[in-house]
Amino acid sequence: MLELHSITKSLGEFHLRDFTLSLREGEYFSLLGPTGVGKTIVLEIIAGLLRPDEGSVHWHGRDVTSLPPEQRRFALVYQDYALFPHLSVLRNVAYGLRSRGIASTDACDKARQMLKLLTISHLVDRAPETLSGGEKQRVALARALVIEPRMLLLDEPLAALDLNVRTRLRRLLRDIHQRTGMTVLHVTHDVEEALSLGQRLGIMLDGQLQQTGTPDEVFLRPTDQRVADFLGLRNVLPVEAVRNGFCVVAGVEVAVAMASRSTRHLWIRPEEILLSAEPFDSSARNQFECRVVDWEHSGSLLAVRIAVRELLLTAIITHTSFRELAIAEGADLYCTFKSSALHCIGDEASASDGDATRSTARRG
Amino acid sequence: MLVAPLARQSAHDRRRLPWFELVLILLGSVVVLFIVAPLIRILLATSFGELGGAARDEQLIESIKLTLVCAATATLVCTVTGVPLGYLLARKRFPGRAALMAIVDLPIVIPHSAAGIALLTVIGRQSLLGSVTDGGLVGTAAGISVAMAFVSVPFLVNASHSAFAAVPSRLERAARTLGASPWRVFRTVSLPLAWRDILGGMVMMWGRGISEFGAVIIIAYHPMTTPILVFERFGDYGLAASRSAAVVLILICVAIFIVLRIVAGWRGVRRREDA
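As you go down the protein sequences, you meet chains A and B in turn. Going by the numbering used here, 227 is the number at position 227 of the first sequence; the sequence numbering is gapless. Going by the numbering used here, 42 is the number at position 42 of the second sequence; the sequence numbering is gapless.
Simulated from the structure, these hints should not be mistaken for lab results. For glycine and all other residues, C-beta sits at the position ideal for the given N, C-alpha and C. Warning: the hint list may mix true and false statements.
[Stated by the list, open to error] Chain B is nowhere near these chain A residues, computed Cβ spacing over 12 Å in every case:
#, residue
1, Ser6
2, Glu13
3, Glu44
4, Ser56
5, Ser66
6, Glu70
7, Arg73
8, Leu97
9, Arg98
10, Thr119
11, Ile120
12, Leu163
13, Val242
14, Asn244
15, Ser276
16, Leu312
[Unchecked claim] A few chain A residues facing chain B, derived, Cβ under 10 Å:
#, residue
17, Gly55
18, Pro68
19, Val77
20, Pro149
[Stated by the list, open to error] If you want the ones that stay clear, here's a sample from chain B, every Cβ over 12 Å from chain A, calculated:
#, residue
21, Arg97
22, Asp105
23, Leu128
24, Asp236
25, Val247
26, Val254
If we strip away everything but chain B, and leave its shape as in the complex, we get (with noise of 0.2 Å):
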């Protein structure tokens, strides 16, 4: 009994060497070192003075409120209309289907100052919004979710895509020939067991909207968001002055991270009592 296992078991270890294995950890470890380092190195270098400082820092206190309150109505704003999009790429197959995928992930890819620039076109002071409502959206906060909506919402988007091909389409089906409507079916079905995975995507949304700079900083350099606000002072007055400012903002960001981590782990264990 015991020795079947055990001869197994050195294959096994034959198979994986160790030199290969050791490989492995050296190169991984020098990618996580990479992105640890600076983070580690700003939170030892900055004292808490500094950020008790920048506790009473008003100019860095408003431009957080103002980054945090449009990212999430870039959120929102995009969940009523994201949200549906994400169900029809799930479950409807009808030609052009590819190209709007594509067409989602696009805004991943083009460079964010580019699609600021391309945003002017449409919201700026010589768009048709600019010349009815008097300089359209630049400078203005609504500016600034567009531009952070822009850059952001293919994450919400393709999150809620893959929550939904989660759900199996039998479960919907069932419920229409029990006599659900489809509007009933996914409120009562696909969204019930949708929402944690598509709450993640609104997190990560939210985030991507916060540590937004390219695209906000065409459409509107005043009022002005943390981190055009770290970007200015570190222009202006240097490293010293514009550390505390960005080491509140890695905060906040970790902070949201974390949060997604919890919504994903959740997910994790409704995955397990699924299985």
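Extracted from the complex, chain A is given alone in its bound form (with noise of 0.2 Å):
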């Protein structure tokens, strides 16, 4: 539907080379990379607001590589909202329409029911500084959305965001897209985000795309060392039962807070795993025995291997809790680690997977 063929863009520090990326109808698709590695400018191209030194952009097969942005209707939420200041939110929110020649009263009462359905009409006359993170980005979702457009491109949405807010918006982003079908193109740093989100990833490094895939296909199947070590693919787990809230890997059976029936792996990053020499209470459901296999250096921090009877895991400590810890091969400790900071991998791709052939069903 959209495809990027070989594109290639120098601007300033950045360098697109040979960028080939191709999405498809009413798609969630994760753009994944490093801050800095030029994700923005993917997005920019795709809008229409540069152009690219070499290559082309395709839209239902049709070359609009030099179609102007206000042509393209590819509506692009940038992570510092760009709300205009001298508007009121309401103006804001009606400006694309305005912009198609809408009359104002009509392109009003659009703007209105859109901001309902963003449930925030009642800062529909405040002025743009005077919002919160998490209102702007809504007021910015539905600037976006009012003009329907034909894909929405987000850079970077929740990333200023704090965790709580960042959570309902991911469900409200989640909501918006079954909802409408749209495509949606998800451009991010983090990979929990895109996991969450996105039925599709597609992984950037160093200014090129280096895989894309579902999300089994991309941490169990990365295509090189670097996609996996920027994925930060330690502790991927085989789940071979999952029984209410439990899932049984290698044998243990582990607290997992969003589990479901389809959860085929699950992926938990070494950071979270806690390291201690008695067990203690605390709000983490997951406490275990385990024994030191081994560790190595990683970056300034040391990876520690670790046995919880037939599971292996790694964990992320400080010299300082090495040397507390006095970790050595062989030595017992117990490993404490939250249900929550267990990702699921798999139910969350087969269940919009699903959400997807609908929708193409409903548009065909």
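Assembling the complex is the task here: the two chains are given apart, and the hints tell you how they should meet.
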């Protein structure tokens, strides 16, 4: 549907090289890469704000490389929201409609409906600078959605928000996508964010797309070591069985906050695993006895491999903790991690794959 | 809790030695005094009677009208062409942009009498324009406006340039993706966010035009603008005769300057709200 063919673009320090990407109708695609890799440039090329040095952009088979942004109708939501400071929330949201020649009263009516849909009707007359980060983000989304864009381009939409707001907005984005069946390209540096929203992921390193695929494919079969390192792919655990809130991995039953029947793999960041010499009371629901298998340097930290019976895990700790815990091969310790630190791979993607098929069918 | 900030405070004080501050203040006051003293002296030396006389001085009033109108005309005409140039400089990157910025600044560094002579070659009697229009713009109000515009337009272009540069380009780009054409973006986003600074540049250009002497006197001794009238009276009749006209001119320029500060003040308020 949307295709980028071997795009090359140099802009200051950023270089896109032979960048090829293909999006499917109605899918939620997460483009994942470290900060400063040029992800925003990709969005701006798709939106028509930047002209690629080489390569082309196709939309439903038609070459749109030289089509100006106002004729593409790919709404772009920037990380800093880019609300117009001289216009009220209502005028901000109505802006795109007014630009399309819709009369002021009709545009404002539609804008009001959109604000209501995003549950921010009360902000209608406010000035953007008086809004909180989460409110600004909703207004920016309303402003983009109200023009019924052919595609929604999101540039790190959740990066500047605190955790609570982020969780709520994540849900909102998922709702919007399911309700509208709109194609969404979501750019982020946050692996968990990409994982929780994207039906498909693209991993972008050094100005190139290294790998695309479902979260399953990317997490379980990273094409090379750099992708694996970027994703922090330690502790991807095959699930043997799921029973109400627990998953069995390598014979060990662990509590998982968001497990569903179709969870095929669990993933926990090594930083989320705490090691201690004695068991201690905490709200974390997983605490096990473990034994140190081996350890290695990992940057300025240490990666310690531990075994909970048959289950092998990697924990990242500091040199101080390493000394205090007197870590040595074969030492007995306790490991603790929250049930919410275990991310499920498989269920999200399979559930949303179904949605994608449905929405495609509806459109077809 | 209290100890830490106090300790920091005293370290802070030790760094900024009082004698150094004293030197700064002393040297600074020399500059301020240097600017203010002549102005205050001339105001004090001028009696209300003299000012009343100035108010009935037909020639002076005519010259003030001429000066204000010529400078305003120059400003308005240059706004139409200078503001787009400012936008171009702020938004587009093209070969020769740096050279263009340098060219815009040229009138500031060229001696204004020399600038007047240069202008004569374009709008004077011997110029192409002069041969077509019988005498060119020499000795006309239009000629005065051209001379004023030449020396003061850099202020407007530079103010517009920085005004547009201060508008985040993401706002313009977001507007484009929402369906606005470049012209609509300029009209509804860039200009509304930049107009205060541009207005500041216009007032600045107007004030600079009013005070111009060197370039104007080359193009037109008559009709006479106020700076030239002050010069003529000083030359023909001496200090006392030129003083009241000078005071009136100074007061006009101070009034314009106050307007400029007020406009700049709005700008300050807006910036704070943005932050």
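In rising order, the numbers of the hints this structure does not comply with | 3, 6, 7, 8, 9, 17
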